[in-house]
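Participant: Here is how the chains run, residue by residue.
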Amino acid sequence: MLSAFVAVLRRDLLLAWRGRADVLVTLAFFVIVVCLFPFGVGAEPNLLRAIAPGVLWVAALLACLLSLHRLFAQDHADGTLEQLLLSSEPAVLWVTAKVLAFWLSTGLPVVVVAPALALLLDLEQGALSILVLSLALGTPILALLGAVGAALTLGLRGGGMLLALLVLPLFVPVLIFGAGAVEAELSGTGAAAHLLLLGGGLAGALALAPLACAAALRISSE
Amino acid sequence: MTTSDRGFSLFRFAAPQAFYPLAGRLAPWFAAAAAVLTVVGLWLAFFVAPTDAVQGEVYRVIFIHVPAAWMSMFIYLVMAGWSAVGLVMNTRLSFIMSQALAPTGAMFCFVALWTGALWGRPTWGAYWVWDARLTSQLLLLFLYFGFIALTRAIEDPRRADRAGALIAIVGAVNVPVIYFSVKWWNTLHQGASVSLTKAPSMASTMLAGMLVMAFAAWAYTLAVVLWRVRPMILERERHTEWVGAVLAQEAAAEGGRG
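Chains as they are written, first to last, in numbering that gives the first Met the number 0: chain B, 0 to 221; chain R, 0 to 257.
These are calculated hints, taken from the structure and not from any lab test. No experiment lies behind these values; they were computed from the predicted model shown. All clues stand as given, with none of them false.
Incomplete in silico selection of chain B near chain R, CB under 10 Å:
id, residue
1, L144
2, A150
3, L151
4, T152
5, G157
6, G158
7, L164
8, I175
9, L207
10, A208
11, A211
12, S219
13, E221
Here are the computed distance ranges between Cβ atoms for each label pair:
id, chain 1, residue 1, chain 2, residue 2, range
14, B, A191, R, A13, 45 to 53 Å
15, B, R156, R, V128, 33 to 41 Å
16, B, L207, R, S8, 32 to 40 Å
17, R, F179, B, W16, 38 to 46 Å
18, R, A202, B, P44, 52 to 60 Å
19, B, V40, R, E56, 38 to 46 Å
20, B, C34, R, V128, 28 to 36 Å
21, B, E81, R, F12, 31 to 39 Å
Where a beta carbon is used, it is the ideal one built from N, C-alpha and C, also for glycine.
Isolated chain B, as found in the complex (with noise of 0.2 Å):
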C-alpha cells in the first residue's frame, strides 16, 4: 500500500519537475501579486508594514486557486484517473499522495519565497519566521480543500470560475488565522493561539479532505 502512494508521488513530483515552466509561472504569479499592492496602494513603509501578512496570504491563496485545476486535469483527459480509481489501491492513498505532490511543487515554493517578498514589504525580521510557519501549516489546508473543488469541477465548461466560487468561502478560515498569526506576532500577543488552530485545521483536514476529494472523483468519472 505504501508503495502505490510513494509511486503517485513520485511520478507526480517527476512530471511537475519534467514541465518545471508551470510551477515556475504559479510562482511568478505570486510574486507579481504581492509587488502590485504597492504600485496599488502607495509605497509609504508604514502601511505596507500593516497590510504585508495579508498581501502575502491573499497572493499565496490566490497562487494556490489558480494551479488547483491543474491537480486532476491532466489525469482525467489521459485517462490515468480512471485507470486509479479502477486499481484496487485505496483512493483516499493515492489522492493524499497526489496532493502532496502537488502542495511540493505549488505550496512549497511560495512558502519559500515569501519571506524574501516580506522584506520588499517592509515586514519585521521577526515575523518572518511567523509568516513561513502560518503558511507552511496553512497552504497544505488550503491544497487539501482545494482539491476537493478541483475533483468536483473535473471537466466542466468554467470549471476554473467554478472552482473559485465553491473553495473561497472555505478557504477564508485558514486567510484569517494565518494572516492572524502574523499580525498577532507583530503586535505583541503571540502567535501560538492562531499557529495552533491552523495545526488543528490541517490535522482535520488532512483526515477528511482526502475522503471527501476520493468521493468528489468517484461522482465526477462515472
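Place chain R on chain B using the hints.
Facilitator: This is chain R only, laid out in the frame that chain B set:
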C-alpha cells in the same frame, strides 16, 4: 411500490410518483398558513410590540431580520441533511429536495444581510462592518451560490446531485461558526436574541411577534419548496408513464376550464 402493500408508510412518499401529488396538496395549505402568520406577525410587530427602550423604533427590523437569519442557517443544514440522506440511501427525491431548498435559503440569507445593513446604519453608523457574525453570514451566501452554480453547471443529473450533495455537506462546517460567532469572537454584533435556557430579555409581545414571523418563514419555505419540487420531479421523470398520465390529466383539466 412494495411498501404500500404492507399498509401505510411515510416512506411511500420517498417515491417521486407518490410525493408529486402530496406536494401539490400540501403546498396551498402552507402558503395560506404563511400568509395568515405574516399578517398576524407584522401586525404584532408594527402595532402591538412596544418601542424599544434603547434602540427606539429601529429595532423593529428584527421581526424580519432574525427569522430570515435563522432560516438561512437552518435551510443550509436541512439541505446538507437531505444531501447526506441522498448519498447514503441513494434516494433521488432527497437530492431534488436539497436543490429546491437552495434558492430559498440564499434568499433568506440575502434578506438577513440586507435588513442587517439597514439596521446597522442608524445603530452602528455603518451599513457593513467586518464583524465575525456578518462575514460568516456573507460566506454562507457564497456557499449557497456555489451550491446552486455547481448543480446548475453539471448537465448529467446524477453527477449534479452527488457533486452538489458533497459540497453541501462540506460547506455545513460554516453554519456552527456563524451560530457561535458572537460567542467565540467578542464582536460588535449583539448576542443571541432568544435563548432556550434563559428567560426572555425582551417584552413578551416582541418575542411573540418574532416567533410568529419565524413560523411564517417556515410555512413560506415549505410552500415554496413543495411548489418548486413538483416541476423538478416531472422533469426528472419525464420518460415515465405516470408523468405522461399526469400531464394528460392536467391538460384535460385545463381544456375543460377553458
